[in-house]
Structure formats: structure tokens, C-alpha cells
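S.K.: What follows is the residue order along each chain.
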Amino acid sequence: MGHHFKVTDAMRIEANLSAVKAVKPHEYVIRFVFGGLVTVMAGVIAKYYGPVIGGLFLAFPAIFPASATLIEKHEKQKKQRAGFDGARRGRAAASVDAAGAALGTFGLMAFALIVWQYLPAHRAWLILLLAALAWFVASMLLWTLRKRI
Amino acid sequence: MIDLLLRFLFGGVIVSAFAVLGDIFRPKSFAGLFGAAPSIALATLGLTIAHKGHIYAAIEARSMIAGAVAFFVYASVASWLLMRFRPPALAVTLVLLPLWLGTGLALWAIILR
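Heads up: the protein sequence lines correspond to chains A and B, in order. For the first sequence, the numbering used here gives the first residue as 1, with consecutive numbering after it. For the second sequence, the numbering used here gives the first residue as 150, with consecutive numbering after it.
Treat the hints as calculated values from the structure; they're not laboratory data. Worth double-checking, as some hints may not be accurate.
[Said to hold, decoys possible] With a straight-line cut-off of 27 Å between C-alpha atoms, the simulated DSS-like cross-links for lysine-lysine are:
#: 1; chain 1: B; residue 1: Lys177; chain 2: A; residue 2: Lys21
#: 2; chain 1: A; residue 1: Lys147; chain 2: B; residue 2: Lys201
#: 3; chain 1: B; residue 1: Lys201; chain 2: A; residue 2: Lys24
#: 4; chain 1: A; residue 1: Lys78; chain 2: B; residue 2: Lys201
#: 5; chain 1: A; residue 1: Lys24; chain 2: A; residue 2: Lys73
#: 6; chain 1: A; residue 1: Lys78; chain 2: A; residue 2: Lys24
[Claimed, not checked] Some chain A residues well away from chain B (every beta-carbon gap over 12 Å; in silico):
#: 7; residue: Ala82
#: 8; residue: Gly83
#: 9; residue: Lys147
Keep in mind it's a predicted model, so treat the numbers as computed, not measured. Ideal Cβ placement from N, Cα and C applies to all residues, glycine included.
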């Protein structure tokens with residue numbers, strides 16, 4: 001089942017909901033536990049070393065290793081079923097995912113910039129909402145620009 | 150203890166939610182954007198603001214910019230290595246984590262300290 005969102009004539013963003021079923025239950029558990037542990041670690045580091053060091057860990061690559069590995073594995077299985085070199089294609093897919101994450105870090109910077117500049121004088125929920133919006137818009141814009149160039 | 154448990158639960162739920170978005174969307178370069186989602190920040194900043202206040206959380210956010218620059222270096226090198234030498238993704242993404250930490254700490258020493 002795929003839902004298509006047309007961005008330009010040259011590219012499409014596809015939401016493939018059936019991809020959720022391809023992820024095994026233990027893979028969800030690993031992500032949940034890893035995400036929880038990294039968030040606890042960020043809090044503990046801030047407690048012992050202060051907010052300047054602790055803040056670095058708000059941008060820790062939390063799900064990136066797991067998601068790149070999953071993409072590699074799923075792409076490998078898909079290509080092997082089709083008779084191609086699964087390992088090479090899987091790693092190429094992980095590389096494209098990593099390039100997307102590198103672009104997304106600019107959105108992460110936009111998120112942090114908004115919180116740093118505006119949180120001290122404004123309502124927390126409003127600033128976190130604006131910052132999340134800034135992450136999404138900056139990431140989307142850069143991805144769209146990169147696709148067009 | 151309750152604070153740590155809440156952080157664990159929020160972190161687990163939010164990181165998992167962004168990971169699912171990354172699974173769903175295609176093309177892969179677009180899905181990759183969710184690999185750099187502000188999941189830990191969203192999970193932890195609410196609690197930090199409630200316990201330590203707005204100024205403390207804003208100081209963390211300033212350092213988060215340096216952490217995101219380090220993430221850019223880390224993800225760019227990982228992407229290049231995977232494309233150039235095709236090593237296993239898990240090995241590359243784990244072995245390069247010290248690069249993220251080193252870059253973040255270098256930025257801290259040069260700019261933030």
C-alpha cells in the first residue's frame with residue numbers, strides 16, 4: 001500500500017505503510033531500549049558535567065546506526081530475492097540513507113538555534129513546537145534543493 | 150529514579166516514532182532525514198525545562214548546535230565510506246561514533262568552553 005505526495009514533477013515522496021510490517025518485533029524493542037538508554041545517558045551526563053557538555057548529547061546519532069543497518073538488511077534481502085548482489089546494494093542504500101541524515105542535521109541545527117534563542121523569554125511548549133517545525137521545514141527545503149540541483 | 154524512568158520511556162517512544170517514519174517514507178534520502186530528527190531533544194527538553202528552568206535548557210540547546218555539526222561530519226563520513234568501500238553499515242556507524250564525540254568535544258573546547 002503506497003501513498004504518494006507529489007513535490008515536483010521530477011520527484012515523489014512515497015509513504016509505504018506496509019514497511020512497518022517488515023520490521024520484526026525484536027527490532028522495535030531494540031530501538032525502544034536504545035532510544036530510552038541514550039535519552040537517560042544525555043540526562044545523566046548533563047547532571048554530572050553540566051548543560052554545556054550535556055547539550056552535545058541532545059544531537060547524539062540515536063537511531064542512525066540502527067536505521068542504517070535495517071535499511072541495509074532489508075535492501076539486501078530484496079535484491080537477493082531479485083537475483084542481484086544483495087550485500088553491495090544494501091550498503092549503497094545505507095549510504096543514501098546516511099546522506100539524507102547528513103542533510104537532516106541542518107534541520108537539527110535550526111531546532112537547537114530556535115530553542116537557544118527564544119526559550120528563555122517565551123512559553124516552552126510554543127518554542128518546542130516552533131523548533132520542531134523549523135527542523136521539518138529546514139530539512140525538507142534542503143532535501144528539495146539537493147534533488148533539484 | 151522516577152525522572153530517569155520517565156526519560157527512558159519518553160526517549161524510547163519518541164526515538165521509535167521517528168524511526169518508524171524513517172521506515173515508511175521513500176526515497177531513502179528523504180527517509181534519512183528522520184535519522185537526524187530531534188528525538189532525544191524532544192524527549193528530554195520538556196523534563197529539563199520543568200526541573201531546571203528555561204535558561205538551563207537554552208544552554209543545552211546552544212551546545213546541541215555543536216552536537217549537530219558533529220553529527221553532520223559523522224553522517225557525511227559514514228555515507229562516503231559506505232559508498233566508496235561498501236563495508237557493513239553497523240560496523241561503520243558504530244566505529245565512527247568516536248568521530249561524533251571527538252568533533253563535538255573539539256567544538257566545545259574551541260567555541261563553547
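S.K.: For every hint, state whether the structure bears it out.
M.R.: Now for the hints, and whether the structure bears them out:
1. Only pairs whose Cα atoms come within 27 Å are accepted, and Lys177(B) paired with Lys21(A) is accepted, the gap being roughly 17 Å.
2. Pair hint Lys147(A) plus Lys201(B) does not hold up; C-alpha atoms about 42 Å apart against a cutoff of 27 Å.
3. This hinted pair does not check out: Lys201(B) and Lys24(A) have alpha carbons roughly 38 Å apart, beyond 27 Å.
4. As the CA atoms of Lys78(A) and Lys201(B) are separated by approximately 48 Å, the hinted pair breaks the 27 Å bound.
5. Annotation: proposed proximity of Lys24(A) to Lys73(A) holds, straight-line Cα distance about 12 Å (limit 27 Å).
6. Proximity of Lys78(A) to Lys24(A) is assessed by CA-CA distance (about 15 Å); at most 27 Å being required, the pair is judged to hold.
7. Look at Ala82(A): its CB is around 17 Å from the nearest CB on chain B, clear of 12 Å, so calling it non-interface holds up.
8. Look at Gly83(A): its CB is around 19 Å from the nearest CB on chain B, clear of 12 Å, so calling it non-interface holds up.
9. Non-interface status of Lys147(A) relative to chain B is broken: a Cβ of that chain comes within 12 Å, the nearest being about 8 Å off.
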